[in-house]
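The chain contents come next:
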Amino acid sequence: NAGVMQNPRHLVRRRGQEARLRCSPMKGHSHVYWYRQLPEEGLKFMVYLQKENIIDESGMPKERFSAEFPKEGPSILRIQQVVRGDSAAYFCASSPETGPYEQYFGPGTRLTVT
Amino acid sequence: SQQGEEDPQALSIQEGENATMNCSYKTSINNLQWYRQNSGRGLVHLILIRSNEREKHSGRLRVTLDTSKKSSSLLITASRAADTASYFCATVLVNNAGNMLTFGGGTRLMVKP
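Read top to bottom, the protein sequences are chains G and F. Mapping of the first sequence onto the numbering used here: position 45 corresponds to residue 45, and the numbering continues sequentially without gaps. Mapping of the second sequence onto the numbering used here: position 100 corresponds to residue 100, and the numbering continues sequentially without gaps.
Bear in mind the hints are in silico, worked out from the structure with no lab data behind them. In this text, all values refer to a predicted model and were calculated from it rather than measured experimentally. Possibly wrong hints are sitting among the right ones.
Below 27 Å or equal to it, Euclidean Cα-Cα: the simulated DSSO-like pairs (lysine-lysine) are [to be verified]:
hint	chain 1	residue 1	chain 2	residue 2
1	F	K56	G	K44
2	G	K44	F	K69
3	G	K44	F	K26
4	G	K62	F	K70
5	G	K27	G	K62
Generate the whole structure from the sequences, applying the supplied hints.
Shown next as structure tokens:
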């Protein structure tokens, strides 16, 4: 049973470009969470999705950021017109439909904006 | 402000010693979880303790939870160099339909061989 997969692992974008981060949850998991981690800091919740639905996006900036989790395929976190402040590690986690609520994290995508 | 705050922010010990990390939080929780992160890597779930539990063990790990003080501690006994990592507590809040985690800033543990 493969774990949570994220790609790419490293992504370099110039200011103004778009970044697309992908996350494939563990098999059988229908809940996906995205977190952002700045250097030397803890993770900050961004968005929580179930298949085809955004359940909570309270941690996601209102502009330039969007997320989806289609019926088929991975979850996508999309950042438009990236700025240097978007440079961070972005982690995806998944959990099964029922408890006990522990989340399984992917290896992360490290985004660098030059 | 962060829901969870770890103390200390950094801890350096010798191999074989015990390491204790503390976490405080502000609002009522459903459960509290501890994660480990090796440098530049993803997070690994260590242990989950529910709000109605007071103590849990897993191998060399011991977690306590005091809901009256809104605090938790993680004890790693007989530490090894391989335990060197950052440790984060994360809470799932009551009435949180999404079960999203609210993380503290972490404790950076260094175990010297």
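Okay, the hints, checked on the actual structure:
Note on K56 of chain F and K44 of chain G: the hinted pairing holds, with a Cα-Cα distance of about 26 Å set against a maximum of 27 Å. Pair hint K44 of chain G plus K69 of chain F holds up; C-alpha atoms about 24 Å apart against a cutoff of 27 Å. Only pairs whose Cα atoms come within 27 Å are accepted, and K44 of chain G paired with K26 of chain F is accepted, the gap being roughly 16 Å. As the CA atoms of K62 of chain G and K70 of chain F are separated by approximately 32 Å, the hinted pair breaks the 27 Å bound.
For the proposed pair K27 of chain G and K62 of chain G, the alpha carbon gap of about 30 Å is over 27 Å, so the pair is violated.
The structure fails hints 4 and 5 (numbered hints given earlier, in ascending order).
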